[in-house]
Amino acid sequence: MKYFDLKMQPILKIDLTTRKAEEYRIPKQWERDFLGGASLAARILYDELTSELDPLSPEAPLLFMTGPMTGTSGPTTGRFVVCGKGPATGLWAESNIGGFWGPELRSTGYDGLWVTGRASEPVYLWLNGSRLEVRPAAHLWGMNTYHTQEKVKEEVGEKSARVCVIGQAGERQVLFASILCDHGRMAGRTGMGAVMGSKNLKAIAVHGERELPIFNLPRYKALRSEANRKLKEDNEAKVMREVGTAGAANYAEYLGAMPAKYYSRGSFPAVDEVSGAKMSETILVGRSACQGCVIACGRVVKTPKDVAKRKGPEHETMVGFGANLLNDNLESIVDLGDLCDRYGMDTISASNTIGLAFHLYEKGIVTKEVTGGLELKWGDVDAIEQLVRMIGSREGIGDLLALGSKRFGAHFGAEEDAVQVNGLEVAYHDPRGVSGMALSYATSPRGACHNQSDYFFVDWGHSREDIGIKFMDRHAQAEKSANVARHQDWRTVDNAIVMCLFANVDAEEKAALINAACGLDWTVADMMKFGERSWNLKRAINNRMGLTAQDDKLPKALLAPFPDGGSAGFVPDLEGMLFTYYEARGWDQETGKPSREKLSELGLDFAANDLWGGA
Amino acid sequence: MSAIFPSEEWLKELESKLNSDERYNEIARNWEGDLFFFIEPEGNLKEQLTFYLDLWHGTCRKVEYKPRADAYPNPAFTLSATYNNITAILTGKMNPMTAMMTTKLKVKGSMSYMMRNVPTVLDFVRCAQEVTTEIL
Ligand code: SF4
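Protein chains in written order, with my numbering: chain C, 1 to 615; chain Z, 1 to 136.
By construction, these hints were calculated from the structure, which means they are not laboratory data.
These figures come from a predicted structure and were not determined experimentally.
Keep in mind that the hints are not guaranteed to be accurate.
With a straight-line cut-off of 27 Å between C-alpha atoms, the simulated BS3-like cross-links for lysine-lysine are [what the hints assert, rightly or not]: (1) Z:Lys106 x C:Lys470; (2) C:Lys153 x C:Lys309; (3) Z:Lys12 x Z:Lys46; (4) C:Lys556 x C:Lys368; (5) C:Lys232 x C:Lys470; (6) Z:Lys93 x C:Lys230; (7) Z:Lys108 x C:Lys470; (8) Z:Lys108 x C:Lys230; (9) C:Lys232 x Z:Lys17; (10) C:Lys261 x C:Lys556; (11) Z:Lys17 x Z:Lys104; (12) C:Lys232 x Z:Lys108; (13) C:Lys261 x C:Lys553; (14) Z:Lys108 x Z:Lys93; (15) Z:Lys104 x C:Lys232; (16) C:Lys302 x C:Lys151; (17) Z:Lys106 x C:Lys230; (18) Z:Lys104 x C:Lys470; (19) C:Lys7 x C:Lys28; (20) C:Lys230 x Z:Lys46; (21) C:Lys553 x C:Lys470; (22) C:Lys529 x C:Lys230; (23) C:Lys470 x Z:Lys93; (24) C:Lys232 x C:Lys302; (25) C:Lys230 x Z:Lys104.
All chains, full assembly: derive it from the sequences and hints.
Okay, here's the thing in structure tokens:
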């Protein structure tokens, strides 16, 4: 078997407290076993992430990682990932982001940036090739994400520099603050923007001119052009390009898989007004893409009141500020998404937490006294906008909402009403319509996440026979668990190399690309084993930080049937699904830990010893 | 009534089914668009076969078996699939959304329109399945 022959670049480790930087060389075996992106980050941070670690303390790590194909114009490989400990979840955190920043970072000669410490005052980093400067940023503090990018670019004087930034939400440590780069590309989930803010780090500008390492360039080029050619012909890619990710809104609503009115309704008759199709037919003026991507799912819109073009909403923003809040005004959703981007906060967590406020207001638990006189009527765009602003500035009730739905609910004695798992708000693919998402949410290593396994695609009809996942009824239950586990392993590969989930690259093709890029000779089975190893590693990290089987759960709302829509009456049997899932995973039914045997089989003996004792 | 797929009789039967099926008439009431269907040779089908259907407001205005390629220059949609894939859909062995999402059924035309009208597409497939009892 070939060893990992690619010469990877080092990681630059920066301590903001001491303002010192050093190169960190990745152990060769870790390169082979964990490859890059979120998987390699998990191995690197394994010892750092403890239950005692305060995610917003100077000691907390924040690791910006690329993958071995980032920037190589492979199919949708212009991406990177930001990892650490989630401030809202206290668990493993990873947040995947596109744009052009990741490829530019690799061109500096570094595959990652590992930030620790806390600057004594606001700063930004300017990494120009191998030269790093820590620059003052007090004058940028309080600036929104787009202005910050412009200003930093102007200051560094390098037109092709790329800048990732936080907005006011990150500065104020809103627990779901995000990191943004380029034209509104966002590391949205798990609050990595709050961690960056806690370090007084406003932005990181990068510019480089180095050739990116690829083990077998001629072979990689041939594979890459064939994969990109196929991608252009792919129906899903065509949908993404033409109608954006929100193009599936009508179908999801038809299935009863798109929650409305804070997860209490399974139908939203106004869906035609707030969908990707509607956007394409009315305000869409262009498309945007991450580096090297032939799909270009990004929306560029211009509403009648706009003087300039701006970013249009993707699926989660569309549903979160649309059906979730009974808002059928498309232009207002553009505004609300844009506002969240400017503050630098995750639209899923923001809209979900606002939805909870509306829900509790309707129940009489949240009152006008608490909201500062604001009436929370479903669909009231002004009220929604005010709450977004209050969160971004942490004013009034916004200060509580900034803690996310779990803590907001708990404050009012209504934690059970919060639609979240382990502190991360549930995305807008409802497991009552697509049952596989019950396990995706309950067992994801970062809380209720739809990107560790976007199993809704499989339940919508996208079988993956190349990895042994046949189509099953979207309401099938425990018999589906092994498929979900396999799908998670598959997506873990994507999150390591860091490939976008929207690219339909089949398994043989993906393994061939990895082999050509890294100097490996993996089969599809080897690749899936790699995914399984990384999945179990992240589980072990969480187990060490206190996660148990009791935490693999779903909120109350998702276990009550919808009264209406295409999935009315159905409830996932989470207990039954978890039982067969643990069996498929080789996890201990009682504790939820991967068994010693499973960890050893995957080459994770160090984790086996940590979880089960022994030398 | 039923006919062997693929044949002119089958296509005619589908036309009358689409015009008489109340559920389809209702679900497809807003659909406006004709389509070319290319069935690529595979298995028992030795050469490419083409169908044309003009679907309008829940009815089928016209069908043509083996039309000339230039007979309808601007169809709203062009669909194509191999013979085995299309028969798998018609016999219920393959979910039509699976065929679309995995590009086993290739689609050219407005994806926006298609995504808005998934229920119509699915009900069209149901009608096609119901008139299919025998496969070549
Ligand atoms: S499909 Fe969209 S999100 Fe994915 S890489 Fe392409 S442009 Fe970026």
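Quick rundown of the hints versus the structure:
1. Only pairs whose Cα atoms come within 27 Å are accepted, and Lys106 of chain Z paired with Lys470 of chain C is accepted, the gap being roughly 20 Å.
2. Distance hint between Lys153 of chain C and Lys309 of chain C is fulfilled; the C-alpha atoms sit about 20 Å from each other, no more than 27 Å.
3. Simply put, Lys12 of chain Z and Lys46 of chain Z have alpha-carbon atoms about 22 Å apart, close enough for the 27 Å limit, and the pair holds.
4. For the suggested pair Lys556 of chain C and Lys368 of chain C, the alpha carbons sit about 26 Å apart, so the restraint of at most 27 Å is met.
5. Between Lys232 of chain C and Lys470 of chain C the alpha-carbon distance is near 24 Å, which keeps this suggested pair within the 27 Å criterion.
6. A threshold of 27 Å between alpha carbons decides the hint, and for Lys93 of chain Z with Lys230 of chain C the separation of about 25 Å falls inside it, so the pair holds.
7. Note on Lys108 of chain Z and Lys470 of chain C: the hinted pairing holds, with a Cα-Cα distance of about 26 Å set against a maximum of 27 Å.
8. In summary, the hint linking Lys108 of chain Z to Lys230 of chain C is supported, as the alpha carbons are separated by about 15 Å, within the 27 Å threshold.
9. Between the alpha carbons of Lys232 of chain C and Lys17 of chain Z the distance comes to roughly 36 Å, so the proposed pair goes past 27 Å and is violated.
10. Using a Cα cut-off of 27 Å, the hinted pair Lys261 of chain C and Lys556 of chain C holds, with the two alpha carbons roughly 15 Å apart.
11. Note on Lys17 of chain Z and Lys104 of chain Z: the hinted pairing holds, with a Cα-Cα distance of about 25 Å set against a maximum of 27 Å.
12. Distance restraint check for Lys232 of chain C and Lys108 of chain Z: the Cα-Cα separation of roughly 12 Å lies within the 27 Å cut-off, and the hinted pair is therefore satisfied.
13. Of the pairs offered as hints, the one joining Lys261 of chain C and Lys553 of chain C holds, with about 22 Å between alpha carbons and a cut-off of 27 Å not exceeded.
14. Under the criterion of a C-alpha separation no larger than 27 Å, the hint pairing Lys108 of chain Z with Lys93 of chain Z is consistent with the structure, at around 24 Å.
15. Proximity of Lys104 of chain Z to Lys232 of chain C is assessed by CA-CA distance (about 14 Å); at most 27 Å being required, the pair is judged to hold.
16. With a C-alpha separation of about 24 Å, the suggested pair Lys302 of chain C and Lys151 of chain C falls inside the 27 Å cut-off, and the hint holds.
17. Taking the CA atoms of Lys106 of chain Z and Lys230 of chain C, the gap is about 12 Å. The hint holds against a cut of 27 Å.
18. A distance of roughly 14 Å separates the Cα atoms of Lys104 of chain Z and Lys470 of chain C; the hinted pair therefore holds under the 27 Å criterion.
19. About 9 Å separates the Cα atoms of Lys7 of chain C and Lys28 of chain C, which keeps this hinted pair within 27 Å; it holds.
20. Distance restraint check for Lys230 of chain C and Lys46 of chain Z: the Cα-Cα separation of roughly 26 Å lies within the 27 Å cut-off, and the hinted pair is therefore satisfied.
21. Distance hint between Lys553 of chain C and Lys470 of chain C is fulfilled; the C-alpha atoms sit about 26 Å from each other, no more than 27 Å.
22. For a cut-off of 27 Å, the pair hint linking Lys529 of chain C to Lys230 of chain C stands: about 26 Å separates their Cα positions.
23. Between Lys470 of chain C and Lys93 of chain Z the alpha-carbon distance is near 12 Å, which keeps this suggested pair within the 27 Å criterion.
24. Pair hint Lys232 of chain C plus Lys302 of chain C holds up; C-alpha atoms about 26 Å apart against a cutoff of 27 Å.
25. For the hint pairing Lys230 of chain C with Lys104 of chain Z, the CA-to-CA distance comes to about 13 Å; that is within 27 Å, so the pair holds.
The earlier numbered hint that this structure contradicts is number 9, and it is the only one.
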